[in-house]
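Here is what each chain is made of, one letter per residue.
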Amino acid sequence: MNKRSSWALPYFIFMVLFVVLPLLMVVIYSFQDSAGNFSMANFSKFITDKDSLSTFALSIEVAIENTLLCVIIGYPVAYILADKKLNKSAVTVVLFILPMWVNALMRTLATAELFNMAGITLGKGTLLFGMCYDYLPFMIYPIYNVLNKMDKSYAEAAEDLGAKPKEVFMKITLPLSMPGVLSGVMMVFMPTVSTFAISEFLTNNKIKLFGTIIQENINNSMWNYGAALSLLMLAIIAITTFLQGKSSEDTVDGGAI
Amino acid sequence: MTDRIINISHLSKSFPGGSKVLDDINLYIRKGEFLTLLGPSGCGKTTMLRMIAGFLQPDEGSITMDGKELTGVPPHLRPLNTVFQRYALFPHLDVYDNIAFGLKLKGVPEDEIDKRVSKVLKLVSMSDYEDRDVNSLSGGQQQRIAIARAIVNRPKVLLLDEPLAALDLKMRKDMQIELKEMHKKLGITFIYVTHDQEEALTLSDTIVVMNEGKIQQIGTPMDIYNEPVNSFVADFIGESNILNGTMIKDREVSFIGHDFKCVDEGFGENAPVDVVIRPEDVIIKSKLEGAQFTGKVKSCTFKGVHYEMFVDTDNGYEMMIQDYNSFEVGSTVGMSINPNDIQVMHKERVCNTFEGVMKSSDTVEFLGGEFKCLDTGLEAGDKVTVTVKFNKVDLLDHEDEAICTGNVVFILYKGDHYHLTIKTESGEKVWVDTDDIWDKNDLVGINILPKDIHITKTAENE
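Chains as they are written, first to last, in our numbering: chain L, 1 to 257; chain S, 1 to 462.
Please note: incorrect hints may appear among the correct ones.
Claimed, not checked - BS3-like mimics (lysine-lysine), calculated; alpha carbons at most 27 Å apart, straight line:
#	chain 1	residue 1	chain 2	residue 2
1	S	20	L	152
2	S	285	S	296
3	L	171	S	115
4	L	84	S	20
5	S	249	S	347
6	S	68	S	214
The hints are simulated quantities; they were obtained by calculation from the structure and are not laboratory data.
Computed from a predicted model, the values in this text were never measured in an experiment.
With the rest of the complex left out, here is chain S:
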C-alpha cells in the first residue's frame, strides 16, 4: 500500500536473561497519521519506539520505511527524529544552538538556519527565546524546545516518548491540544508512546494497545473505547464493569442473573462470554417499574461532572455506575442498559490448560510441581493435558504448604469475584477465580485438590 510509511513485521526482542519484550509484532503506520502505542509500563511500547529510532536492534523481524529496510541503519542516518521523555536538551548550548544542532550538522546555510529556527520557535510559541539558557526554562518550555529541535529537521516521522509525562495536569492538557494542532499543521506522521489512556484517546488517529510485548488491539479511539476486544483492553481503557456472561443465542445475552437484548451475533448458543458495560451506560432511576434489574446503592461519590456510584444488584453483583444525578446510599434503584451499550467479547479461555507428565498413576507433574490426582491408570512418563477450572485453584499465603508459587500479575474485578492472572516461577500463567482480595505482585502459593485435576492423555503423534 502506498500510503503506508512504516511497516513493521514479525518484530521480536528478548532482553538478556529471558523474557520477551516484544513478541512477533506486526503493524503498519499510515503517512500523516497520529499513532499511539499505549500500554502499562513494561509492555514493550518504549522498546518498539527505540527500535524505530534505531537505538535498539531487534532480534528478529524487520522495520521498513517507504519500502527501505531500516534495521541495521544507524540512528543518525534515519529520516526521523525523536522527542525524548526527559527532553534531553543539551545543557551546554542555548535554545538557538539546541534547535540548530541538526541543521548545522547537515551543513544548512547560516541564514536558512536562522529562518528555520525562528519559524519553528514561533510554531511552538517560544519566539524571542533564542538566547536563553535551556536550564532556565520551565518543564513546559523545555518540552516545546525539544519538539522544536526535532521538527526543525523536517523529519518524515516524529517519535514522541511519553513527552508529557513530566508535566503537571493543567500543562499536560494544554500541551495535548497544542500537539494535536501541530500535527495537523505539519502533516508529519507522529508515533506517540504513552501509558495514559486518556491522552491516547484525546490525541490519536489510531491507538495500538499493547500488553506483555503483544499487540492487544489496533483501532480508532472510538473503536478501542466502545468495542474492546478483550478484558485487558476493556479494563485498561477507561472505567468498566467486566462480567461473566452467557450468549443465549444471537442478540440475547445473560449476565448478572438477567437476560438482556444486545446487538452481537455469531457467538453460537450458550457460549460463555465476557460482557463489558461502561459505567456511564447504565441507566439508573429511582423508579423501579420498567427497569431491567434493581439494586441497592452502596456508595455515591461526587466526581466533578458526574457522580460515581457502586450498586449491589438484586443477584449479588457489584456494578460501577456514573450518572449526573446522585442517589441516596441505601436506596433501592432500578437500572437498565441499552442493547447498543452492551459489548460482548469472546472469552480468551474458559479453563486452565497445562501440559504435564505423569509421575505415577496418581501423581502428575505440571507448573514445575508434582500434584496428587485421582488414580488415572496411566503410566509414569505418559504425556498428558491437564485442565483445571478457574475457581478450583486454591491460593495460599504460606508458600510451604503450596506445591508451586507465583506472582499476581493482573487483577480483574468481575462484579462478584476477582479474576486473577498468576505467573508461576516456571513462567506459565494460571488464571484463578477467587473471592479473596489479593494485590498485584503478591507472592502466592498454588494448590489444587486431586479431584479438581482433570487429566487426558495427549495423543501421540507417532
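Just chain L, same shape as in the assembly:
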C-alpha cells in the first residue's frame, strides 16, 4: 500500500462499519429464526401471509402512481422553468426547490393538519397528495437541469428542417430530456416504496405501506422478519437502479444530477 492510498483508510473503516456490516447483518438476520438457526421461514412467512403480500402490492402501486403523478406535474413545470422566454429569473427555480430544504416530517405533519382543518378525511387521496408534494422537487430538479443544459441548437435545427413547435418537442426535446426524467423517477420511486412516516401521518395509519410493516416488525423486536422484508426492498431498489443504469447507457449523456 503506498502512502497516498493509505489516506483512504478512515473512509474505508467508516464504510465497513456503517454500510457493509449493517448490510451483512440484514442478510444474516433475514436467513435466521429467532433462535439464531439458519432458516427460510421468514421468506416463506412473507409469501404465505396474505396481508404482507397485499401491503407489498399496495406499496408498489402507490409508488408507481406517485411517480407518474410527479412526472405529469413535474415535467411541464421543469419545462416552463427552463424556458428563458417564459421564466426570466432564477428565483422561481429556487422557489420550487425551496421545500426540499424543510424537513419532510414537518411538511407532512403540516399537510395532515391542513387536511384536518379543511375537514377532509384522510385516505389514499391525501396520501398521494402528500407524497407528491414531498417528492415533486426531486422530479422537477433533474428534468429542469437537463432541459436547461440542452443545446438550443438542437431545437433550432429541428425547426430549420421543417418541424412544427409540437414536433420539435415530441421528436427532439422530449427524447433528449429522458435521462433527466429517469433520474427523477429513481429519486421519487425508491423513497416512496420505503416510506412509512407519510402514510402514518396522512392516513392515520389506515393505509399501511411496506415501509410501515418493516418499521412495526422491528419496533416489536421481530428482527429477523423485519430484516427479510428489508432485504426484499433492497432487491427491488437494486433492480430499478439496474434498469435505469441500463437505459441511460443507451441514451446520451444528458447531464442528470
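Once you have looked at the hints, place chain S on chain L.
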C-alpha cells in the same frame, strides 16, 4: 431583378440594453451564388444569418425571398436550411435518421427517403455510414452529415454558420475545396458566415465585409483584396501597409515622404488620402540605383513560401514586405512600387468632430465631459461644433486625471504611428494618432489641451 433570390432592405436590429447589432443593412443575393458574410466577431454577421433563417426577428426592415416577404414566417416554413456552427446533429438518432429527419416530416415516401439519403451520403463521401451513431463520428464526419442533413431537403438557399470553425487546419482546407465543389454541383445559393478572411477569399463569389453592424464593402474576392474601400477592409483582409498620403494631383500620390505614380484619379489636388500597399507588392532589391526609396532591413522571418521583412524606410516609416528572397538584417535595400499596386482610398475623416454645448465662455461640454478651452466669447448654452486633430488628443493611463474615458476598439498601424479608434463611455468615437502602444480593449483616459480645441458656433436653424 429576376436573378435575385433574396433581397434585404433597411434591416436593423438592436439587442436589449443598447447597441445596434445591425444598422440599416441593404443587400441582395443572386440565385446560385456563393455569398460570404465576413467580419470580426460581434460585427452582426451571425445575427443577419439567424434573421434569414428565422430564429431572430428584425426590429425594422424586410427580407424577401423570390419576392415573398420572409419576416414573420416561422423557421419551419422557410424554404431554406442551415448548417450550424457546432453541427447540432441529433444525438439520439443515427446518421440515417438525422438526414431523413426533414424528409420524414414532409411525408416523403419511405423508398424515396432511402434513395435520397444514400445519394446525399455519397455526395459528402460518407456512404455506408447510415447506421452509425453520430457521437462516434469525428468532427469532420459530423460536419459532412450536418451538410447532408441540410441539402437532402433540396433547399433553395443553404445557410452556413462558420461550419468549419471547429475543424483543424488541414481538415478545414480539404472541406473548403469540397464545399466549393458541392456548391458547383448542387447549384444552390450558399450564404456563408465566417471570420476567416482566407476562407472567404477561397470560397466566395461575393464577399460582404461587415463591421459594427454595417456593411463595409461588397465585391468579388479580387475586388475586396485589391481595392479595399476603407482602412478597415484593407486591414481585415490580408496583410497590408496602410499609410497616410496626399493626392498631389491625378495619378500622383505622395506618402512615406516620396512621390509615386499611381493610377487613381478624381481625388482633387492635395487631398489627404489613405494608401494601401500589400506587402507582396513592394519590389525589394539590394541594388539602390533605380529604386524609388531606400531603407534598412529590421527583421527577416521565413514564412514557408516567402520571407516576411520589416524595413525602416529612409524617412522613418516602417513597412512590411514579403519576398521570395531574404535580405540580411541591417543591410540597406532599394524598393519600388508599381503604379498599379498602389491603392488609394478616401479618408473617412481628417479630424474629430463633436457636437457640444458651451458651459461658459471658456468651458465646453462634449463626449460626456467638460473641457476647458480658449475664451470664445460665446455664452453658456450655445450649441457648438468642436473639432480636434487626431494627434492632439492625449491618452492617459490614469483615469482620474482624464476628463472622460473610453476603450480602444480598433488599432491601425500607419507606418510611423498608430491610429486608434476609441469608444467613449457616452458611446461616441474618438480617433487618435499616437506613437504609444496601446492594446485593444484598453481603458484609456482622454484629455485635450485648451489650445487644441477648435470651436465654431453651430448655425441656428430658426
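Hint by hint, here is what the structure shows:
In summary, the hint linking residue 20 of chain S to residue 152 of chain L is supported, as the alpha carbons are separated by about 24 Å, within the 27 Å threshold. Of the supplied pair hints, the one linking residue 285 of chain S and residue 296 of chain S holds, its CA atoms being roughly 12 Å apart against a limit of 27 Å. Between residue 171 of chain L and residue 115 of chain S the alpha-carbon distance is near 23 Å, which keeps this suggested pair within the 27 Å criterion. With a C-alpha separation of about 22 Å, the suggested pair residue 84 of chain L and residue 20 of chain S falls inside the 27 Å cut-off, and the hint holds.
Simply put, residue 249 of chain S and residue 347 of chain S have alpha-carbon atoms about 16 Å apart, close enough for the 27 Å limit, and the pair holds. For the given pair, residue 68 of chain S sits about 24 Å from residue 214 of chain S by alpha-carbon distance, which is consistent with the 27 Å threshold.
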